[in-house]
Amino acid sequence: GESVGLHLPTLSVQEGDNSIINCAYSNSASDYFIWYKQESGKGPQFIIDIRSNMDKRQGQRVTVLLNKTVKHLSLQIAATQPGDSAVYFCAENRARRSSGSARQLTFGSGTQLTVLP
Amino acid sequence: DAGVTQSPTHLIKTRGQQVTLRCSPKSGHDTVSWYQQALGQGPQFIFQYYEEEERQRGNFPDRFSGHQFPNYSSELNVNALLLGDSALYLCASSIRQGVGYGYTFGSGTRLTVV
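In order, the protein sequence lines correspond to chains A and B.
The first sequence runs 120 to 236 under our numbering.
The second sequence runs 4 to 117 under our numbering.
Be aware that one or more of the hints could be misleading.
Straight-line Cα separation of at most 20 Å, SDA-like style, residue types lysine to any residue; simulated pairs [to be verified]: (1) Lys-161/A to Thr-107/B; (2) Lys-161/A to Gln-44/B; (3) Lys-161/A to Thr-115/B; (4) Lys-175/A to Val-189/A; (5) Lys-161/A to Thr-12/B; (6) Lys-161/A to Ala-83/B; (7) Lys-161/A to Gly-105/B; (8) Lys-175/A to Lys-190/A; (9) Lys-161/A to Phe-48/B; (10) Lys-190/A to Asp-174/A; (11) Lys-161/A to Leu-42/B; (12) Lys-161/A to Leu-91/B; (13) Lys-187/A to Ile-169/A; (14) Lys-161/A to Arg-60/B; (15) Lys-161/A to Gly-43/B; (16) Lys-161/A to Gln-59/B; (17) Lys-187/A to Ser-159/A; (18) Lys-161/A to Arg-25/B; (19) Lys-161/A to Pro-236/A; (20) Lys-190/A to Leu-235/A; (21) Lys-187/A to Thr-225/A; (22) Lys-190/A to Arg-170/A; (23) Lys-161/A to Pro-64/B; (24) Lys-187/A to Ala-148/A; (25) Lys-175/A to Lys-161/A; (26) Lys-161/A to Gly-202/A; (27) Lys-161/A to Arg-66/B; (28) Lys-161/A to His-70/B; (29) Lys-190/A to Tyr-151/A; (30) Lys-161/A to Arg-113/B; (31) Lys-161/A to Ala-41/B; (32) Lys-190/A to Ala-148/A; (33) Lys-175/A to Lys-187/A; (34) Lys-161/A to Pro-11/B; (35) Lys-161/A to Thr-8/B; (36) Lys-161/A to His-13/B; (37) Lys-16/B to Asn-80/B; (38) Lys-161/A to Ser-10/B; (39) Lys-161/A to Leu-14/B.
For the record, the hints were derived by calculation from the structure and aren't laboratory data.
Here the structure is a predicted model, which is why all the values come from computation and not from measurement.
Extracted from the complex, chain A is given alone in its bound form (with noise of 0.2 Å):
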């Protein structure tokens, strides 16, 4: 079946540190994967996303890694800062021929971030 998972469920990292995130996917027709970001009492918020096309994507303190051989993404944020601190899903985009053009998310489960100061 399908899915999209994460490895681990909580991380902590030291305030300054880098984090590394990590997701692994199962679909290898999956196009189209993004990261998005969760705080409390709010709705996930876009980071960064990443086409099969792509093995690396920049954006400011993060990176996304995709490596499609393993079926893996990560998620890289230099600096970790207080701020940082929330719930981190990879969401797979895949478009579904019955419905044209329409796309839809499938998320994974979650990783916890939690910055020590």
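Assemble chain B onto chain A, guided by the hints.
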């Protein structure tokens, strides 16, 4: 510019009752998707509305239904509520069924069924 607005923010219902949740999309967005997020889980896709029609549906029973209005706002209706329907219900809006960077989530409605 307001983002996605959902109402109410919290709701308590009794098992067997019916509930209606509301969503106003971000200005300029014409597509609304609904997700259910159980505690400690990732959001699960319920359905998507575009041009006032349901375009896609996830693995949810017919007790879950929706509607989109000409102004692009949307409602999610759940009939015959079960205890397991307790969750955070998220609305996300986008342009022309797109997702990714242009996909904006609201803060959700917390539904508790007792």
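Starting from Lys-161/A, check that the Cα of His-70/B is at most 20 Å away, please.
Violated - the C-alpha atoms of His-70/B and Lys-161/A are around 24 Å apart, more than 20 Å.
Is the hinted pair Lys-161/A and Thr-107/B satisfied, with a Cα-Cα distance of at most 20 Å?
holds, 12 Å
Lys-187/A and Ile-169/A: Cα distance at most 20 Å?
holds, 12 Å
Given the hint that Lys-161/A pairs with His-13/B, test it: the Cα-Cα distance must not exceed 20 Å.
holds, 13 Å
Is Lys-161/A close enough to Pro-236/A, meaning Cα to Cα at most 20 Å?
It is violated: about 23 Å lies between the C-alpha atoms, which goes past 20 Å.
Distance restraint between Lys-161/A and Ser-10/B, which requires alpha-carbon spacing of 20 Å or less
holds, 14 Å
Starting from Lys-161/A, check that the Cα of Arg-66/B is at most 20 Å away, please.
Violated, at about 26 Å.
Agreement of Lys-161/A and Leu-14/B with the hint, judged by alpha carbon distance not exceeding 20 Å:
The hint holds at about 16 Å.
Could you grab the alpha-carbon distance between Lys-161/A and Thr-12/B and see if it respects the 20 Å cut-off?
holds, 11 Å
So if I understand the rule, the pair passes when the alpha-carbon distance is 20 Å or less; does Lys-175/A with Val-189/A pass?
holds, 15 Å
Is the straight-line distance between the alpha-carbon of Lys-161/A and that of Gly-202/A 20 Å or less?
holds, 14 Å
If you draw a straight line from the CA of Lys-190/A to the CA of Ala-148/A, is it 20 Å or shorter?
Holds, because 10 Å separates the two Cα atoms, which is no more than 20 Å.
Checked against the numbered hints above, the structure violates hints 6, 14, 16, 17, 19, 20, 23, 25, 27 and 28; every other hint is satisfied.
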